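Peer 1: Here is what each chain is made of, one letter per residue.
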Amino acid sequence: MSGANDQIKQPEQETAGSYHGIEFASVEPLLQVYCRALTGKEVDFAPGKGSHTSLRNAWWNQLASGNPPDGHIKVLIPASFMEYASYVDNFCWYKAVVTQQVAHSEFNSFDFDFDKESTIFEDLRYQLKGETGHGSSPFEKYFAIFDDPRLAMQVFVAVENVRINYLVKHHYPGLKQGYRRMQEYNLLALARVSGITLRRAFIELLEGLEIDAILAIDEEALYEPLNTAKDVLDLLCTSSAAVEDSAEAAIRIYQIALTVPKKALASGSGGYGSENREPNISDLEGQEFMGNFQTDKIKLDMEIKANTGQKSSMPMSAEDMEKLANQKIGITDIKDVKSLPGSGLSAASIPRGVHVYQFSHDKYTQVDRYRPEDAVKPSPAEADERLSYYDEWDFRENRYISSWCCVREKVLGEGNSYFYDKTLENRRSLMAEIKRQFERLPAEMLYKAKNLDDGDEFDLDLVIGELIDKRAGHTPTGKVYTKKKKIQRDVAVAFLLDMSGSTADLINKNRPTMQYEESFKYDFMKFVMQPRRRIIDLEKESIVLLCQAIETLGDNYGIYGFSGHGRANVQFLVIKDLNESFGERIKRRVDQIAPIHGTRMGPAIRHTIARLDACGSSLKLLFLVSDGYPQDSLYGYDDDDKEYAIHDTKMALMEASQKNITPFCLTVDSAGNDYLRTMCDDIGYEVLDDIETLPHRLPMLYKKLSM
Amino acid sequence: MPLKAKRHDYKSHIIEEYYITEEPFYLPLKDEVALFEAAYAERIPVLLKGPTGCGKTRFLEYMTYRMSQKERKRKGSSGQRDGIPLITIACHEDLTASDLVGKYLLEGDTTRWVDGPLTRAVKSGGICYLDEVVEARKDTIVLIHPLADHRRSLYIEKKGEMLEASNSFILVISYNPGYQSILKNLKHSTRQRFIAIEFTHPPRSIEARIIAHEADVDEDTAGRLAQLGEKIRNLKEQDLSEVISTRLLIYAARMIRQGIPARRACEVAAVWSITDDAEVQKSLKEVVTAIFE
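Going down the list, the protein sequences come from chains A and B.
The opening position of the first sequence corresponds to residue 915 in our numbering, with each subsequent residue numbered one higher.
The opening position of the second sequence corresponds to residue 7 in our numbering, with each subsequent residue numbered one higher.
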């Protein structure tokens, strides 16, 4: 298949013939940026199970649930997909599905304006609008003009999908093939549905008309209404069509739909109906198919009609019906239509069986020195993990234990940027002060270069020398200039953040509690409103301020968190990698910094050293920010072997020094002096007596060390 | 067999004799033409702000042409030399005051003074354009201060001279705010000597016309490239520190005109040129493959 063929590289496994399915998580970052480019908006993927109908109509469900995508677009997507024979085809399906969903935002499905005129059709909305044509939202007003708002809603969603499908293919011709395949896939799924009514089949097939892949359901009663609807939809399929045009087209097709009986589709009508008759009718009729537009008025209206059979106060008039009928533009030969069942459904698009798909964790193994006989067997790496193995220092035996620890590196997940932005807002004055301090850092050191052909000024000594040479009969070199030259600031720094469980401790936990009556003596609201912050929260705040400050300098910096549970599971979480540019993604990762397990510092430091060592910077710094001494499951000869853990950490810090990396330890543990003296030896460290000073102190220490 | 003299096709101009003789193609986005004309009439220095490749330099060439036409009309002359020369100085971090004003060179037993481009612009009454001015060191840029206020004069310290600028002289500087940082920013004392005209990337329809004209490609190709530009620019700040310029889109169009397949042309001109981040490159390629068949 062409299209993305030449772009998407198939993983190695496929060439081995073992799998071709895709876990969405593996392509999510790629499609996230892709969707952001298409729409300019943030996209929240909601991986999970979803039928083809719920995927197509996810946009409507988002709108109907009262969450139109003002800032974020929610995209419903299956967590895995393996229906096609190749990785590329499966990826193209994913790409088409996400494009279809975000296209509703790009092409303004959500911006329906009841009072805006259609540019393609004569506006019937205003003519039909009567006493019921009112509502708090444009959609509410719109659906209130119909006798059967639910049917109108289903027709409108289908018609709007047709418009969007056309626009996607018009604006993104490179997607055509994959997109069409997705549409065919939807039709195939429809063909497997049992118990569907003729009217619902009519609505479902509206989208099939647009790709001429007519009649997955071989039902003669649908031919005429579908062909009449096709004439309306053909008018809609132009590059200038807007959602208001869809609304007008939907009015016309609604009238056609009313002529289609609600009887059940004859058994066996489904083109491929003999096998796998799932999902059943509830998928199409129920909530999954399409969220009801949840306005009280519409619901009430529907309830009244269901109970009493009462007509809406504003049905379509006979005149309107006649007008609609007159707009039929010729009907295609039914035989032609009938001769096409399944014609658009290529063999390749027919779903195949389930294929086994598993990730290999071996390919990410960086170091193969791990000795299985020594190891606590690590659980297999997750898809997004990278495994590295490091030695550990046993001070009692005075030797390294080879490949003893397994570091599992992964990029920290993303939350939202609220914490980041809020911190900047709350710490505005501190941030301004830090920035001012950083601005004073010399970005460059000047030195005077001499003996230049050209420069800022003459060097008197050289000029005199030249004149003397000339008088002596030698050819002057002309190199009599000096020039101030710069030595650029060239710093790489890695911040290693303790994310052990103990960082969940509350900062103000020792504050005496106050009796209710007593609190009135003080500023009660201030007391109760003061957030019960944890150590990790202050660490996060410090990181926010650091990022802002270092960004102004342009230094290369990385921020990593570490924790773990035993030597086989040292978690190394990338919040911001060295050389990675700062952006919204980093802000959202900061939000996810949270306490996890233990504090096995040695391997985390060694892994950071490896990172820094790969940098070519002239000044390399490693900042370790912790809340206590190193402690982890069996970090030593038993769980409580502090001495072992401290010595291993000390050795790791010394390894940093040997690689010309300047380590520095900052702890918020007031008892830190006791062990840091041993652990850091002649390495710089600081114990913060007042943890509240961390957000201020950390950037300042960095400034001092990087000068 | 006598050797034929090689025919050179380059043109050499003395710096203060570079005139824009043909009208450059420029599509106004807002009221920038009227703003510049007003500023020039009042001899107010102009700061052009905008992302790289958005048309700042082209705009100045266009305005120089227009101003020259007016000047000739005023003088009732059609001679090229009656126009206004455009003197462009590309700023960089090693640009010194001597590079701008002039310096003494050794000549025999003595030294000889040679005017720098700024001095020559002041004397000849040209439009002096300091491109990417933030790249120059702040202590260097300070010397333009007397030229950019009511004094309109240039002090040549080494010669002990003060030059009053010719009547038609005007100073124009440009920079890209995207590079803005504490290390590369204009001093306030410099900024406040200029009126600022802001440029952005043109909207899709105008950008398509520009691409079609500059690269001589069909409307559909130009339109799709403009669409690509618009999509890539949605990634500013988050995924890309600097987004794609109109110039790069034109390059892509030219590659296409030369027969390179559109997807490949966009890959080399519009994806690899703007980011080294492999993940973002992959996503951009997906955008390219969506837009181009």
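Derived from the structure by calculation, the hints contain no laboratory data.
None of the values given here were measured: they were computed from a predicted structure.
Do not rely on the hints blindly, as some may be mistaken.
[Claimed, not checked] Partial selection, computed: residues in chain B whose CB lies under 10 Å from chain A:
| hint | residue |
| --- | --- |
| 1 | Tyr-16 |
| 2 | Thr-94 |
| 3 | Ala-96 |
| 4 | Asp-100 |
| 5 | Glu-225 |
| 6 | Lys-288 |
[Said to hold, decoys possible] Stretch-level coverage of chain B by chain A, calculated; a stretch enters the list once three of its residues show a Cβ under 8 Å from a Cβ in chain A:
| hint | segment |
| --- | --- |
| 7 | 19-32 |
| 8 | 254-265 |
[As the list claims (entries may be wrong)] Computed list of chain A residues with no C-beta within reach of chain B, every gap over 10 Å:
| hint | residue |
| --- | --- |
| 9 | Arg-950 |
| 10 | Ser-1000 |
| 11 | His-1085 |
| 12 | Leu-1089 |
No residue lacks a Cβ here, since even glycine has one placed at the ideal position from N, Cα and C.
Peer 1: Could you work out which earlier hints the structure fails to respect and list their numbers in ascending sequence?
Peer 2: 1, 2, 3, 5, 7, 8, 9, 11, 12
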